[in-house]
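This note's numbering puts the first residue of the sequence shown at 270, with every later residue one more than the last.
Please note: incorrect hints may appear among the correct ones.
[As the list claims (entries may be wrong)] The list that follows gives simulated cross-link-like pairs (lysine-lysine, PhoX-like), each with its CA atoms no further than 20 Å apart:
hint	residue 1	residue 2
1	K356	K395
2	K356	K403
3	K726	K395
4	K553	K564
5	K726	K697
[As the list claims (entries may be wrong)] Taking CB as the label site, the calculated pair distances span:
hint	residue 1	residue 2	range
6	N766	P693	31 to 39 Å
7	D740	G351	54 to 62 Å
8	K553	K395	30 to 38 Å
9	E682	V462	33 to 41 Å
10	G484	A616	35 to 43 Å
11	R348	I378	16 to 24 Å
12	K681	L550	31 to 39 Å
13	K681	K395	30 to 38 Å
14	Q617	Q512	46 to 54 Å
15	S772	R428	45 to 53 Å
16	K395	S772	27 to 35 Å
17	S582	S465	50 to 58 Å
18	L350	R749	33 to 41 Å
19	V469	M640	47 to 55 Å
By construction, these hints were calculated from the structure, which means they are not laboratory data. The model shown is predicted, which means the values in this text are computed figures rather than measured ones. Every residue gets a Cβ at the ideal spot worked out from N, C-alpha and C, and that includes glycine.
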Amino acid sequence: MLLEAIRYGEKPEVRARLTQVVSEALDVTHLQELLNERALVREAMTPETLHRVREDMERAEVRRLQPHYIESFFLEAFRFLGGTVHKREAHRYEITHVPALVRERDRMIGRGEPVLSRYERITFEKDLIHVAGKPMAAFIAPGHPLLQAVIDLLLERYRDLLRRGTMLVDENDLGTYPRVIFALEHAIRDGRVTPSGEPVYQSRRMLYLEVDSHGQIRPVNGAPYLDYRPLRDDEPSPETIWQRPECSWITPDLENTVLSYAIEHLVPEHLEEIRTQKLRLIEKARYAIRDRLTKEIAYWDHRAEELKLEETSGKANLRITAQEAQHRADELALRLRQRMHELDLEAQITALPPVVLGGFLVVPRGLLLHMVGQATIPLGDAQDRLRAAAYAREIVMQVERELGFEPIDREKECLGYDIESRDPQTGKLRFIEVKGRLHGEMVLTVTRNEILTSLNKPDDYILAVVEFFDDSTYHVHYIRHPFQREPDFGVTSVNYNVSELLSRGERIK
Numbered sequence: 270m271l272l273e274a275i276r277y278g279e280k281p282e283v284r285a286r287l288t289q290v291v292s293e294a295l296d297v298t299h300l301q302e303l304l305n306e307r308a309l310v311r312e313a314m315t316p317e318t319l320h321r322v323r324e325d326m327e328r329a330e331v332r333r334l335q336p337h338y339i340e341s342f343f344l345e346a347f348r349f350l351g352g353t354v355h356k357r358e359a360h361r362y363e364i365t366h367v368p369a370l371v372r373e374r375d376r377m378i379g380r381g382e383p384v385l386s387r388y389e390r391i392t393f394e395k396d397l398i399h400v401a402g403k404p405m406a407a408f409i410a411p412g413h414p415l416l417q418a419v420i421d422l423l424l425e426r427y428r429d430l431l432r433r434g435t436m437l438v439d440e441n442d443l444g445t446y447p448r449v450i451f452a453l454e455h456a457i458r459d460g461r462v463t464p465s466g467e468p469v470y471q472s473r474r475m476l477y478l479e480v481d482s483h484g485q486i487r488p489v490n491g492a493p494y495l496d497y498r499p500l501r502d503d504e505p506s507p508e509t510i511w512q513r514p515e516c517s518w519i520t521p522d523l524e525n526t527v528l529s530y531a532i533e534h535l536v537p538e539h540l541e542e543i544r545t546q547k548l549r550l551i552e553k554a555r556y557a558i559r560d561r562l563t564k565e566i567a568y569w570d571h572r573a574e575e576l577k578l579e580e581t582s583g584k585a586n587l588r589i590t591a592q593e594a595q596h597r598a599d600e601l602a603l604r605l606r607q608r609m610h611e612l613d614l615e616a617q618i619t620a621l622p623p624v625v626l627g628g629f630l631v632v633p634r635g636l637l638l639h640m641v642g643q644a645t646i647p648l649g650d651a652q653d654r655l656r657a658a659a660y661a662r663e664i665v666m667q668v669e670r671e672l673g674f675e676p677i678d679r680e681k682e683c684l685g686y687d688i689e690s691r692d693p694q695t696g697k698l699r700f701i702e703v704k705g706r707l708h709g710e711m712v713l714t715v716t717r718n719e720i721l722t723s724l725n726k727p728d729d730y731i732l733a734v735v736e737f738f739d740d741s742t743y744h745v746h747y748i749r750h751p752f753q754r755e756p757d758f759g760v761t762s763v764n765y766n767v768s769e770l771l772s773r774g775e776r777i778k
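Given these sequences and hints, build the entire structure.
Have a look at this one:
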């Protein structure tokens with residue numbers, strides 16, 4: 270009707286005014302300003318933020334626990350608790366017996382569908398839920414009642430072991446001084462509580478802090494323990510290792526030192542991140558709710574007054590009475606006060622003290638070799654290997670730049686890859702693990718974490734092998750889809766034949 274009025278308007282001034290109204294309504298800049306003003310998540314409207322979110326999602330995907338870590342953990346833990354599970358198809362299993370204690374634990378903690386006594390098929394990959402000609406599989410992932418019951422049982426039995434700690438061996442460390450890694454949990458809550466009296470958490474994070482023999486503390490990303498192995502029976506006992514002078518710097522005061530570091534450096538960063546984004550969202554929600562409910566309250570207050578006048582004048586057969594209209598206005602006013610109070614509580618964001626859940630001693634392989642009297646790689650040679658690894662990364666980063674990518678060295682973050690390389694045209698990331706090897710070496714060792722990282726992002730993961738002939742001559746090989754299957758649960762590293770890997774790769778330089 271508005272367009273018709275513009276087209277057929279009798280007065281030029283009316284036609285001009287209507288044209289102006291429509292032009293303002295369809296003005297892109299004006300619409301963008303309105304969206305920015307009312308949008309609950311303004312950042313989603315900018316291309317820069319979209320690129321950043323996409324990159325974060327790619328990084329999260331390459332470091333995800335599902336499906337490989339969850340699958341290997343669940344199968345091992347479920348059998349340990351007495352369950353019976355058989356492999357039927359690739360990454361699809363049949364559970365013929367769920368132990369009574371698992372079902373009973375689900376009855377205690379479960380809130381959704383119950384745990385069954387058997388499952389015709391389960392899987393850990395969404396793409397394998399439906400397979401032609403095969404039974405539909407239950408998708409086992411964080412949140413599934415069967416997995417939650419298994420985790421809860423294991424934590425109940427062995428939570429104290431986390432506090433007692435353990436010793437793990439770093440096969441790639443040829444030094445002689447151990448390190449200590451602490452696992453902490455940090456939570457941020459608001460002023461609300463659940464019906465059962467539990468606090469409502471805005472964020473909960475696992476934090477890992479590594480302390481070396483010099484007292485230096487650094488955060489460790491991901492799950493650092495995945496690349497380490499337990500002590501073998503033929504190796505020195507934990508008691509013997511603990512009595513070594515290399516361990517004399519490890520004292521009970523370390524826990525307080527780590528807590529102080531977390532409180533000073535990690536807690537404020539976590540709190541500021543959550544508070545900034547949450548308070549902005551709360552304020553926008555507060556504005557939107559108050560605006561909408563205030564208008565509704567005003568409407569029903571006004572409507573109640575109108576109905577009173579009509580009732581006073583004797584008008585009958587009214588569809589709604591003045592009392593009902595006023596009741597609606599009062600209900601909306603109460604709802605507004607309640608929502609504002611809830612938002613006030615939600616805005617009371619506070620950081621709880623970090624809690625040390627446990628820790629472990631990282632024993633370098635060099636110390637074990639030294640203790641049993643075996644020849645170790647001289648310190649100079651070990652340092653040469655570190656320099657060679659750094660040189661190999663520099664070479665690959667230069668190759669990436671020549672290919673038109675924007676590489677970043679992230680080796681120190683222990684993410685399962687060494688280099689993160691961005692395509693400036695598309696914004697996509699590729700993840701590169703770098704291995705430097707002398708020409709003629711036959712074995713290349715890859716950690717479990719590196720293998721599973723590659724399987725999480727197979728199309729964007731590259732194994733780069735720098736083959737050194739001398740100080741100035743080298744070849745760079747890129748191997749895509751280098752690994753075909755995940756290692757078994759207890760495996761921390763796998764040795765590959767270098768020649769076989771290179772035969773499947775492409776020489777880049």
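Do the hints match the structure? See the list:
no. : hint                      : in the structure
1   : K356 <-> K395             : 17 Å, holds
2   : K356 <-> K403             : 13 Å, holds
3   : K726 <-> K395             : 15 Å, holds
4   : K553 <-> K564             : 17 Å, holds
5   : K726 <-> K697             : 12 Å, holds
6   : N766 <-> P693: 31 to 39 Å : 36 Å, holds
7   : D740 <-> G351: 54 to 62 Å : 59 Å, holds
8   : K553 <-> K395: 30 to 38 Å : 33 Å, holds
9   : E682 <-> V462: 33 to 41 Å : 37 Å, holds
10  : G484 <-> A616: 35 to 43 Å : 39 Å, holds
11  : R348 <-> I378: 16 to 24 Å : 21 Å, holds
12  : K681 <-> L550: 31 to 39 Å : 34 Å, holds
13  : K681 <-> K395: 30 to 38 Å : 33 Å, holds
14  : Q617 <-> Q512: 46 to 54 Å : 50 Å, holds
15  : S772 <-> R428: 45 to 53 Å : 48 Å, holds
16  : K395 <-> S772: 27 to 35 Å : 34 Å, holds
17  : S582 <-> S465: 50 to 58 Å : 54 Å, holds
18  : L350 <-> R749: 33 to 41 Å : 39 Å, holds
19  : V469 <-> M640: 47 to 55 Å : 51 Å, holds
This entry satisfies every hint, going by the numbered hints stated previously.
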